[in-house]
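Produce the complete structure using the sequences and hints provided.
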Amino acid sequence: MDFDLPPEYNALRKMIREFCVEEIAPIAHKIDETGIVERDLLRRLGALGFLGVPFPREYGGMGAGEIGYCIMMEEMDRVSASVATIIGAHIGIGVMSMYLDGSKSLKAKYMPDLCSGKKVCAFALTEPNAGSDAAGIQLRATLEGDSYMLDGQKMWITNGPIADVINVLAITDPALGARGGATVFAVESQWEGFSTGKPERKMGLHGSPTSLLNFDNVRVPKENVIGQIGLGFVTFMKTLDIGRVSLGAATLGGAQASLEASVRWARTRSQFGKQIAHNQSIQFMLADMAAEIESLRALVYRTAWLVDGGRPFIKEAGMCKLLGSEIASRCIDRAVQIHGALGLSRDFPMERGFRDARISEIFEGTNEIQRIVIASELMQEVGVRLRP
Amino acid sequence: MKILILLKPILDPRGMMINRKAGKVFINKKEWMMNPGDARALETALRIKNTLNGDAVVIAAAVGEEASLNLLRDSKALGVDRAILIKADAPTARLYSALVNHLGDIDLILTGGSALDTGENIGAQIAEPLNFAFVGGAVKCDIENNAVHVVKSQGKEFHGYECELPAVVTFSREAPSLRYAHGGDIIIAYRDKNAVETMSADELGLTDLQPSIVERGQTTPPEREFGKQVSLEEIATAIK
Numbered sequence: 011m012d013f014d015l016p017p018e019y020n021a022l023r024k025m026i027r028e029f030c031v032e033e034i035a036p037i038a039h040k041i042d043e044t045g046i047v048e049r050d051l052l053r054r055l056g057a058l059g060f061l062g063v064p065f066p067r068e069y070g071g072m073g074a075g076e077i078g079y080c081i082m083m084e085e086m087d088r089v090s091a092s093v094a095t096i097i098g099a100h101i102g103i104g105v106m107s108m109y110l111d112g113s114k115s116l117k118a119k120y121m122p123d124l125c126s127g128k129k130v131c132a133f134a135l136t137e138p139n140a141g142s143d144a145a146g147i148q149l150r151a152t153l154e155g156d157s158y159m160l161d162g163q164k165m166w167i168t169n170g171p172i173a174d175v176i177n178v179l180a181i182t183d184p185a186l187g188a189r190g191g192a193t194v195f196a197v198e199s200q201w202e203g204f205s206t207g208k209p210e211r212k213m214g215l216h217g218s219p220t221s222l223l224n225f226d227n228v229r230v231p232k233e234n235v236i237g238q239i240g241l242g243f244v245t246f247m248k249t250l251d252i253g254r255v256s257l258g259a260a261t262l263g264g265a266q267a268s269l270e271a272s273v274r275w276a277r278t279r280s281q282f283g284k285q286i287a288h289n290q291s292i293q294f295m296l297a298d299m300a301a302e303i304e305s306l307r308a309l310v311y312r313t314a315w316l317v318d319g320g321r322p323f324i325k326e327a328g329m330c331k332l333l334g335s336e337i338a339s340r341c342i343d344r345a346v347q348i349h350g351a352l353g354l355s356r357d358f359p360m361e362r363g364f365r366d367a368r369i370s371e372i373f374e375g376t377n378e379i380q381r382i383v384i385a386s387e388l389m390q391e392v393g394v395r396l397r398p
Numbered sequence: 187m188k189i190l191i192l193l194k195p196i197l198d199p200r201g202m203m204i205n206r207k208a209g210k211v212f213i214n215k216k217e218w219m220m221n222p223g224d225a226r227a228l229e230t231a232l233r234i235k236n237t238l239n240g241d242a243v244v245i246a247a248a249v250g251e252e253a254s255l256n257l258l259r260d261s262k263a264l265g266v267d268r269a270i271l272i273k274a275d276a277p278t279a280r281l282y283s284a285l286v287n288h289l290g291d292i293d294l295i296l297t298g299g300s301a302l303d304t305g306e307n308i309g310a311q312i313a314e315p316l317n318f319a320f321v322g323g324a325v326k327c328d329i330e331n332n333a334v335h336v337v338k339s340q341g342k343e344f345h346g347y348e349c350e351l352p353a354v355v356t357f358s359r360e361a362p363s364l365r366y367a368h369g370g371d372i373i374i375a376y377r378d379k380n381a382v383e384t385m386s387a388d389e390l391g392l393t394d395l396q397p398s399i400v401e402r403g404q405t406t407p408p409e410r411e412f413g414k415q416v417s418l419e420e421i422a423t424a425i426k
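Residue numbers (the working numbering), protein chains in the order written: chain A, 11 to 398; chain B, 187 to 426.
Please note that the accuracy of each hint is not assured.
Every beta carbon over 12 Å from chain B, so not counted as near; a handful from chain A, in silico [said to hold, decoys possible]:
#1 N20
#2 A35
#3 S113
#4 A118
#5 A144
#6 T152
#7 P231
#8 A301
#9 R307
#10 N377
#11 R381
#12 S386
#13 Q390
Covered stretches of chain B (in silico footprint by chain A; criterion: 3 or more residues with CB under 8 Å from a CB of chain A, positions within the stretch not fixed) [stated by the list, open to error]:
#14 255–266
#15 366–374
No lab work stands behind these hints, which were simulated from the structure alone.
We put the CB at the ideal spot given by N, CA and C, even for glycine.
Written out as structure tokens, the structure is:
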């Protein structure tokens, strides 16, 4: 067994960490306050390959695989969960769905621009009446000559207001419903009939814009169909499965940041005439955080290794997301406790981390859904099919 | 136009702690980084290559083992044309001047000023045996009409220097910092087994190398004593 990452990944992590600490950490607070991530920052990230980490060089990506992508998400979330979420929605589910099932010409048309930061991608599944029940979507796509007309609404779409290309799941055959009658379309935001609602006001992730998308008879040419007609649901579920790994990596970064800040604070802060690190109550919290983070790190990178090796990973991916989001929430909660009143201060990163961590238990499949995914994989190993 | 960059890995000072009472340096995290001046030399070389529209060959060289090898791979990812690792104990002027003679036609040698760890100034040391012109502490360096133009920061002023090629220029930490490499280039540079050429001291014709530095122990400088605060009147009476 070899738990050492190959040297190229260590070098990659070093570069990514340097960029995150030097360029993003100083503006992370401002991003949260203003809710704006400059397009220029995304272009700079794109120029270094950050916006196409797992994709091959021929499509403008970095060619670093899922392991490289997990490293990037971990380091990014360590400094700014908002930027990490923009990138996560862009690569992890947006471009990924195009990369997994898109045609060669479609990938050649969009992926170089998406990976270089010229364009931003989004992934649209959730609807006003379909969240965890993804099969309940109603956005309708009707064939008219050589193109499809999309009509309906999507909700809570990360990157919605800033996306240039949106991969949308729509119903092409209402008789079959989502399973067998849904198709994915790549929609450009400047096409007629497309509009976005105003950005949602959220508890956390202020820098990552989320909004409603309106499709008012948007004409989408047939070439922009991703995958096969009728099998869109499969494409989206495959994408979500793989996206959970990097989401786990992102939560790992957030948890790690809270631990590092807590260790620093325990060394700096003195009460009763000694550093608070000398109190067992603080030591126990730090030790619990470190133990949980280490177990999560082992799980995340092993799962990424499974993905890169082309082995089955769905169960482990669900665990990454489930454990990652819960561990991150617990760690940041303890970090706030260790920081005391300063943990509540808007001028300290703990308060932002606390707000940003909560969403991880909800988006990209709630943790309850993750438990169902894991259980159905467990049962499948003994021949029982839980998922239809 | 052939430009040689000399790189040196140093232990990242952020991973160290100095304990005065114990008189020791504790290394909490052993991580290597590029000497800051060398990183600026590399950045300048890449800029010169850019302005000459690729009409320059940039060669990076370092002495040592794994840490030096990684620096050379990093520089390769940044767009250096050749990277050469010399297997020897420590970088010395003899070793580097032998390399320069081995490569031949080197027009410009760029490196950092005094190294952050040992404080040695390899640039000044190799200029002498090679009989190259030398400018130290540069913040900016351009090539024009076969001459090198260097801007140095001295106190609050900037001084311009011009000298003919071949020359050695060392950089201060005020020079522009190193750019980031594209992640994909890092992956390629590290996976390519032939990215870095290796040479031994024997191949450079040096067979009698002795280690230049021997570590005998660690001590910290004596504790500084606070001075006495005096008033203007006291100075006036003392001068009288």
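Status of each hint after checking the structure:
no. : hint    : verdict
1   : N20     : violated, 8 Å
2   : A35     : holds, 15 Å
3   : S113    : holds, 24 Å
4   : A118    : holds, 18 Å
5   : A144    : holds, 33 Å
6   : T152    : holds, 41 Å
7   : P231    : holds, 31 Å
8   : A301    : holds, 20 Å
9   : R307    : holds, 17 Å
10  : N377    : holds, 31 Å
11  : R381    : holds, 35 Å
12  : S386    : holds, 36 Å
13  : Q390    : holds, 35 Å
14  : 255–266 : holds (count 4)
15  : 366–374 : holds (count 8)
In this structure, only the earlier hint numbered 1 is contradicted, and the remaining ones agree with it.
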